[in-house]
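Asks: Residues per chain are reported as follows:
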Amino acid sequence: MTTATTSTPNVTGKPAGGNLRFYGVWLIGVIALIVLPMIFSSGGSLTSFSLIGIAIVFALSYNILLGQTGLLSFGHAVHYGLGGFAACHMMNAVTSHGWPVPLPFIPLFGGIGGLVFAMIIGWVMTKRAGTVFAMISLGIGELVASSSLILRSVFGGESGVTTDRTALPKMFGWTFGPQLQVYYLIAFWLVLSAMAMYALTRTPLGRISNAVRDNPERVQFIGYDPHVVRYLAFCFAGFFAGIAGGLAAINFEIANSAYLGAIQSGLVLFSTFIGGTAYFFGPILGAILVTYLQLGLTSVTSVWQLYFGIIFIGIVMFSPGGIAGLVMMHRPLVRAGTLWTVIPSYLVAIVPTAALAFGVILTIETIARYSGGDAINLFGIGFKPKSPVTWISAAVLVVGGAFAARVTWRRIADAWDRAATVARDRGYLA
Amino acid sequence: MTAAIEVRAVEKRFGNVDIIRDLNLSVAQGERHAIIGPNGAGKSTTFNLISGHIKPTSGEVRLNGDLISGLRPFEINRRGLSRSFQVTNVFARMTVWENVRCAVLWATGHRYAFWKNVDSLPEVRERTARILDDIHLTHRGDVPAGLLTYAEQRELEIGITIASGATVVMLDEPTAGMSHAETERAVSLIRRLTEGKTLVIVEHDMSVVFGLADRISVLVYGHIIASGTPEEIRRDPKVKEAYLGEEAH
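Listed in order, the protein sequences are those of chains A and G. Numbering-wise, the first sequence is residues 10 to 439 according to the numbering used here. Numbering-wise, the second sequence is residues 282 to 530 according to the numbering used here.
Mixed in with the good hints there might be a few duds.
To give an idea of the interface, some chain A residues facing chain G are shown, with a C-beta separation under 10 angstroms as derived from the structure [stated by the list, open to error]:
#	residue
1	Leu209
2	Leu214
3	Asn219
4	Asp223
5	Pro235
6	Val238
Below 25 angstroms or equal to it, Euclidean Cα-Cα: the simulated SDA-like pairs (lysine to any residue) are [stated by the list, open to error]:
#	chain 1	residue 1	chain 2	residue 2
7	G	Lys336	G	His461
8	A	Lys136	G	Arg353
9	A	Lys136	G	Arg359
10	G	Lys397	A	Leu298
11	G	Lys397	A	Val34
12	G	Lys397	A	Pro225
It is worth saying that the hints were derived from the structure and are not from the lab. Since we're looking at a predicted model, the values are computed, not measured. Ideal placement from N, C-alpha and C gives every residue a C-beta, glycine not left out.
Take these sequences, add in the hints, and give me the full structure.
Replies: This is the structure we're talking about:
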């Protein structure tokens, strides 16, 4: 038992003024979404923001499985893709039958598409968690992705199903032709879905999902069937993934087999894990970063997947809690007022760590471009891939950077230990 | 009055090995019943058979007169039987408060609800607060259960077990690994929290057993060789021979 508990924790988990701060965070998020396109109004950034918004909804839906219920799925894109197809078919049906359904309601049909498939397939899939679930999800993912190429009447074969978002009935006079209007549509659904998914974590089902994640055996002895809990979580995840798919269908005006495939499933796993599964906002950070990198890196380097792989491995090995975990690690230090003791060691570590990263990038680019012989331009410095000078610089940066970085990282660890000890003494860290 | 737990002619075989042979056990309403026996006698298996963790090969188990053998653990739990585990079995990443609250949710009728805010259910909050108070962990409410000390985790284990308000409580070695002082604390906790309930307890510490139990059953090689008051058990020559390690004269 700790003897020096100076703070009196509030057992309901609601600190005083917590409500105000809670609504404040959401309000800031909404305002940021409204203001963003006014600051960055180019076509390219609007497209990026739209894709990021879709990715956030998708990653949050994935975290209902991974972070909240402890289910590792390799086939989550199935619900995303089927949501996309459902939305496309619905849009075409609305257009051809002249139904009075405006575009903003279409993502809901995407969600229903994802939900219905989850309800059908989920009961068998969620019978077991762990490896069994992961393997079945992989199998279902491949099954549906290959079916999409075979069942041409539903999935349109290789070319997919196309649609025209502007042909639907207008709402508030918006045609949804311009990307800006599509962005606001996506932002609206992003806020709605994120709030709903956050609310879900605060319900009895949400909390029991956490319990199932931690200890499915014990859950049975407090009256719950872990199978039912997993199934319900799976259905919710499918529904929100379907909404994300529906938004993608609106954005691209097409749904095809790429929506359903293993790459898409891998990408959402990736975003969620990099962002951090233990906190609600983790997948949001992950989706922003991964989508941004994906869009940014593809234009800079041909081997962008390699960098993704390195980032992923780095996170798994050094920060299993993801970016959110790294950020939240500092909370007790901030509360205890000892964060400033760690900052200098971070600043010292930046230089060798950046040198190491620079060296790794130079090495990768040299290997990637050696046969082509194109010049490498790294942050304004030119390198020739066939020149020994480049090889030596890369080697020096990698070896020297790694050596120096190790020393500075150790100093961070020491500074951390001291700061954490103080925080513990002051009762901010268990 | 029907017995709280009635085990009749239960057998459990794993492959060719008889773990439990012709097990008969009757626990009256409101009784504190201890099951003792040497290591490997099948005490935990008996617990698992009654609580639905494993199914008997043959025979029947009744809870308040209703047949429960063959039901799944959560179905048995919903009928008012709750159990703890020999190895600590809590929700490690969730806070102490969340641990107890999860155990309260089914019994307060909230089931799989996904349309209610779990923080604004007054009866859940009150009951959780009361149980935390009972197990003296109120001040540790927002600590993740995995970070508690061993003794605290054992207390939380008991808290989760009684949280549903079950009328039949089964505790599997609740004081295992505890110091003398911690054991005394745990025993008084158990005595207080199971007031008016039926208690079945597996325990190695004989001072705990003889201090707590109204009746004792002695399990040896999957068979109950004697059942009676502590005084009867103490005098029983079969028990002396088989369990207390003394020669019967």
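Asks: Can you name, in rising order, the numbers of the hints this structure does not satisfy?
Replies: Hints 7, 10 contradicted; others consistent.
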